[in-house]
Amino acid sequence: MKMGTTRITTMQMITLLSSTLIAVGIFTLPRTLAIEVGTPDLWICILIGGICGYLSSLIIVSLSLRFNRLTFFEFNKLIVGKWVGTILSVCFIGYALLIGSFEIRSMGELTQFYLLEETPISVILISMYWVAMYLLVGGINPIARLIELLTPICIIIFILVFALGFKVFEFNNLRPVLGLGAAPVLKGLTPTFLTFSGLEFLLVFIAMMQNPKDAKKVAFFGLAIPVSIYLFAVVVITGGLSVERMKHQKWPTFALIQEYEYEGILFERFESLFLVVWLIQMFTTFVVCQYVAAKGVSTLTRISYKKANYILLAAVYIICLVPKDLNELEKMGTIIGWTSFVFSFIVPGLLLLIALVRRLKQDGETKDET
Amino acid sequence: MGNILEFLIRTDVWMGTIVVVLVPVGFTVLSNKLKELRKKTHKRKEQHFIQNFTLSPKISANVEQIKAIVGDSSDIIFRQFKLGMDNRSCSIVYIDGLVDQHLLQQSILHPLLNTKQVKSGLNFFKTESIKDFLMLHTIEVSDVKVVKETDKMVRQLLSGSVLLLVDGLAEVFVLSVKKWILRGMEEPITETLVRGPRMGFIENLRDNTAMLRRMTTDPNLTFTDFEVGERTKRQLTVTYLKDIANEKLLEEVKERINNLDIDHAAETGYIEQLIEDDYLSIFPQVQSTERPDRVMAAILEGRIAILLDGTPYALIVPTTFSMMLQSPEDYYERWIPMSLIRMLRYVAAFLSVFLPSFYIAFVSFHQGLIPTDLALAIAGTRIGVPFPTIIEALLMEVSIELLREAGLRLPRPVGQTVGLVGALIIGEAAVQAGLVSPIMVIVVAATAIASFVSPQYGAGIALRVLRFLAMFSAAFLGLYGISLFFLAICVHTVKLRSFGVPYITPGTLYSKDDWKDFFLRMPLFTMRKRPTEYFPKDQVRRKKY
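If you read the sequences in order, they're chains A and B.
0 is the number of the first residue of the first sequence in numbering that gives the first Met the number 0; add one for each residue after it.
0 is the number of the first residue of the second sequence in numbering that gives the first Met the number 0; add one for each residue after it.
Chain B with its partners taken away, still in its complex shape (with noise of 0.2 Å):
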């Protein structure tokens, strides 16, 4: 009894209940009011960019509207001339630079200068009947459509179709010719792949579903069309295989497309942080790619792919985090030299978090459990280096970065020059000037080049951010604390989910199949299956095996 008294009135242990619980209790709390601010809305007057205003019959009328809304730019033609035969006044408004100056001259201004009746149930003559004659015996333009909203009018004034008014009617017709620069269709710089196709996506969202429709004749494929950005109104196409991917997580996509909220989302990027499940976490929840194959390989299993107009990048969700050490090329290839390529990223990512790390704890903790020759091997070049292990790994870690970035941003040439110089020559002088032990820069460089293994951009920053949260949790617990913060990572990727799949699938088994296309790239006629974690509408890819 006594010693149970005793020990209730031990300040340490009290201390210790508070700090224990005060701790999560606090960190919940933070994380919940963070994840409520995504949620919070403000209200905000309706905002109209274009005014609505009534199509009158008097064409010099609706001029002076659209002149009114758009006028004040230099960008903008207004050419007014007059009906062949007729006397009536047209004028047609258009962006020059968005128009294709060849075929307006041709199939629009030319035809409507030389309008003459011809042998036809429509008189041209009387306004009435002047829209459906201009419509099937003049306009040598085969998208046309006859508007009344102007504001829908103005939209795609603005988006490079042209106007034409026509006096006496309460109506416009609009038309496109558009055509614009572009650039050429190129391979992937930041995906490219030894074998496979040359393609990559490019600004243009028109050319690039034209490139997914080339490559199946599936009636299957789907693109469904949103509007984003509330001022600037791009295009985003929701594709997908309407017999494969599930309807729960199609409408789950759709929904939440539906409720972003922007004024301008210049790259799929804007789309991915909106439509992402948790913006806290660390890892990337969507993929992101260039490459069509890529999106058509996903489609396939029943993912869905995000397209927008004016950027190459298109999203593919849900994403697992095997997928972010998963390329293309691994099914191009023959299944044996994948497998192991496979694998190797697995344990090139586990290095390019912890290898530092495990540094710092053998080195600083446990030189005990590291052989005996080896320790002191390390020790005997760490003499005469006057920092503690954190701060030397922290300095190249550091250093390594800025070269990283520094190299990023620069042309070419000069940017491979400053990694060569920063590489051989900082780490060699750091060396000789004893600031740093020889071991470190082996580590240090290993951990770099395992970094630059994973096959995606995105899921190579994360793990970067990881290794310096490793590198600290091993100087303050040594072992134990890479042991704590490994398992830390394990609970926050089994407790997220992109788009309703669990991260780490398929880590945990759905189905056995799953496991064919994980650590193993499996012989391509073992996966019938389509995999279940996305739970296909259409399971079974092919009929044999």
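In isolation and in its complexed conformation, chain A is listed as follows (with noise of 0.2 Å):
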């Protein structure tokens, strides 16, 4: 017996896209930026990436509420015919599983640097991946509760833990403003790209939605969070460490937060806090790849969802360990960055022209989510 809805509600749906999107950019965004840009102008590129990602979102949103209850892996067939939907499908179900798999090895690899130096990365990443496969096999209410359970409380502490490092901040260090003009911070927009990628979800979840129309408020809200906490952090991060430094540390976010200590309190550094946090953000993003990766198989082909997902965790595993190291690693990542460009603007972008073409439209019937 079940009580209540049975679909995501949209408080859930605004938690669930921040934490998404909320991921291993909070770590690797300041130096990719730092070094792209070479300004301190780093956060002018995060809040035109913000601003790009709603204008997606936008385009996203009005796509999917044409096609009523249907996810993206059902109405692009519709648009577009079965071939070019199915390849369609198939591309985004890989694209879903190669950032979850991009997620978890980066956090595998931080993990093992800070945290397990003698640990092997198989053991870090088996074990996440079964916690994972516990949720995942529950079906979307289970993701959507315990997402929404977690995400304000890690939202607080990392503003908590970027408000602290204000002990260092310097504002010299962000000045000037545009003093080599806009075209460094073009540059920096690809780096943004990578970290907002996740917000294509939304196609496939706005079916999944007790009240759809809300979607518009769930892509802004969705957006906000992560864009402002991105901001923040970049910010105090810049304020903190400056631009040069940030190029030269491997992980600045952490540089930071080691560089600020607060004595007499029980914890005088904040990493463990931050890094616990940082390990269920991840956790919750890769949740929501592989939830859309599953839920692709299982539309495409007769297989179950649960079926689906340990095909895929087997899938992911393999994929996770391609990169050779960090470098591969980071390279990964801009693939990623421009997959997430090519789904988040041109494939909704065209399907929404030739849906608006040929006037397409359809209410699905009502049905529950599992």
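Honestly, the hints are just simulated from the structure, not real lab data.
All values derive from a computational prediction rather than experimental measurement.
All C-beta atoms, glycine included, are put in the ideal place defined by N, C-alpha and C.
A few of these clues could be false.
One-sided and incomplete, this derived list gives chain A residues near chain B with beta-carbon spacing under 7 Å [as the list claims (entries may be wrong)]: (1) PHE112; (2) VAL130; (3) TYR133; (4) LEU134; (5) LEU148; (6) PRO151.
Here are the simulated distance ranges between beta carbons [claimed, not checked]: (7) ILE120/A / LYS247/B: 40 to 50 Å; (8) VAL464/B / LEU185/A: 52 to 62 Å; (9) THR223/B / ARG358/A: 53 to 63 Å; (10) ILE120/A / ALA378/B: 27 to 37 Å; (11) GLN257/A / LEU519/B: 28 to 38 Å; (12) THR216/B / TYR261/A: 51 to 61 Å; (13) ALA223/A / TYR345/B: 25 to 35 Å.
Put the two chains together into one complex; each comes in its own frame, and the hints tell you how they fit.
Listed below in structure tokens is the structure:
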């Protein structure tokens, strides 16, 4: 017996989207941005990235809302036909798997570096996959509930940890604004896209919402929360470390947290707190990616959702071991960034255009999600 | 290309893949198998514990039959006599000790032995009218039933009623003059409050329902009776407010109680284990209480209580995790201190699970993550300790559990002595002998105290078990292991439901109003609505605000 709704509430959707977007970027973005941009204008990149993300989410929302209660895997066939639709779906599944394995691999690398130096990375990865699997087989409702439960705590701790960084904050590190013009800022947009990859999953999740009409609200708040956190983080890190030092740190975020110490209280250092919370965020991002992929496979084939999960688990595990070292992992990240651009702008834009031209619209029957 | 080929022939990758997939698959298969076990039914002959027989007009035959069924016992009294004025044979049967002797004498035997024909349309001397005559003019007991079904009759006899058999009647009078020894009403020991009623349920169901009835004159308070236990047939009462409790929930509760199959339910614990959602879960999914005020508050929120004859513990469903950390006193005292105390309980629950594992993780994996002075202090105290931290922690935790268990069963003064001896002497001696570090003793003691804060015994046990699991995960993977374990608990609780209500509510928002009674206990006037998590029919508690 179940009481209450079996769909995702608006609040759950907002937390789901924002916790998908808060992921490995919080560690990697400051450095990549610092290298690409080279001036203290990093925060402008994030702001622009956020606005672009919102534009793309508007396209996604209006596309999804044309096809009531249908996920991307179902409605793309209606627009571009069975064959092209299937190819798109397969690419989308592959993309979700790629993000999922990228996030988990990065998590593994970082955990190994900071917490468990002597533990083989496969042990770290496998144990997290098992916990994720335990959640995934339960379907979307437990996932949404878990994220709703944990995300607010995580966000508060993130903000707290970064806010403490004001101890070493120097305003001069942030100046000059646009000292070298707008050109460096444009270079920084590519890594920002990788950070906001995950937005495309709205294509799947809007169909499962209790009130799809709130989708625009979800897109706005779901983006605003991570964008403000990234913005806050990058501003504090730039202010605390300066751009030059950010380029040379492997993980500037961590360097910042190690920079300040508050003596006399129980934790003098906040790395442990931060790492735990960040692990939880990586976990939720992976779970969402894996859910999208498994949902796609079960829509396209006759394999049940649970079985699809197990099969994809093997795939994700193999994919995440492919990059040999951090450099290759970074390359993988760049690929994801570009694919994300394709799936958040080009594909939904084209689909929306075709749907508008062909005047396609569908009111799918109301059915409960698993 | 070559790289990928090289990668694809690496055996460790493939081994890892197999492990990563097979373990969850095996886990799922196993848990499905275990869950199906509960649904498995065995065919069995219908059991009739009381043989049916047909009542004959001849009294001697009926008495013989009853004797054949229950006559072997020494506490069953058969008393034969003749009705006054008439010489008709009568017989009363009852169980010695379950009947009020005085009342039996005065209101049954005496009038029957002195029956006289009175001016009435009924002729006392005729067999056809004797039944109505006795009913109307003779028997001085209010609760009288005339029963034909013999099994029902025998059940009534065995539960303390008096049977009156009259010659010529193929029916039996069942007279209720029950009385037996009962414990007086006391304050429940496991749920003592500083402020609040000193009432506790007792072992008699009727008295318990009366206690609830005394609290309200609301006509919607409903008691629905069930019989559980195929052999012992105990009375079970489902209690709810019929204009508040959600119908779907009520249906579900009734269905589960109807489906439960057991020969004897000694305590509501039996019922709890048979109706709960997931028997593999460590968390209690049903709340049990001895306090009538708690039951009343629960049914006013739209929950449903289950009372069983023979036990002072009532069950309340559905239950969520936050309820395990609430006490009725939260509402009896003022809101600011009680909100703080409630938050303290959440902290205590967290510490009672995670404190020793944090110690293990920080000491054996991440010395760098704690302040240097503290790390040095810990390292200093650990000089000469011959065990790794996990063994040290297990040693102390197990001895604490031993002490607790030993103190629980012993008579109270002795129990306290054991506690003192254990805590002071063994702790002190273990440190002096260099077996454990003094900081470990502090950690273990703090954990034990934190685990006593939980206002519900069942919740405390669950957290104790989780503590050991947390310690093992910390010993394997350090802080990362603890995070994963925390995530696993969260995953488990978000998947768990108690009678359709997610166990984690109101941690996930159904409505902002439910948060008024979660970490904080907001002022009473702000709680205008009943908790939405139980989907009550009548949502609004009061008009103002």
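Against the structure, the hints come out as follows:
Hint status for PHE112/A: violated, given a least beta-carbon distance of 12 Å to chain B, over 7 Å. Because the smallest distance between the Cβ of VAL130/A and any Cβ of chain B comes to about 5 Å, under 7 Å, the interface hint for this residue holds. Interface restraint check for TYR133/A: the shortest CB-CB distance to chain B comes to about 5 Å, inside 7 Å, so the restraint holds. Satisfaction of the interface hint for LEU134/A is found here, the shortest Cβ-Cβ separation to chain B being roughly 4 Å, below the 7 Å cut-off.
Given the 7 Å rule on beta carbons, the hint for LEU148/A holds: about 5 Å separates it from the nearest Cβ of chain B. A distance limit of 7 Å between C-beta atoms decides the matter here; for PRO151/A the minimum to chain B is near 10 Å, and the interface restraint is violated. The given range of 40 to 50 Å is respected by ILE120/A and LYS247/B, whose C-beta atoms sit roughly 48 Å from each other. Checked against the hint of 52 to 62 Å, the pair VAL464/B and LEU185/A passes, with Cβ atoms roughly 57 Å apart.
The hinted window of 53 to 63 Å between THR223/B and ARG358/A holds, with their beta carbons roughly 58 Å apart. Here the CB-CB span from ILE120/A to ALA378/B is close to 29 Å, well matched to the stated 27 to 37 Å. One distance hint, 28 to 38 Å for the beta-carbon pair GLN257/A and LEU519/B, holds here, with the actual separation near 35 Å. The given range of 51 to 61 Å is respected by THR216/B and TYR261/A, whose C-beta atoms sit roughly 59 Å from each other.
In this structure the supplied range 25 to 35 Å holds for ALA223/A paired with TYR345/B, their Cβ-Cβ distance being about 29 Å.
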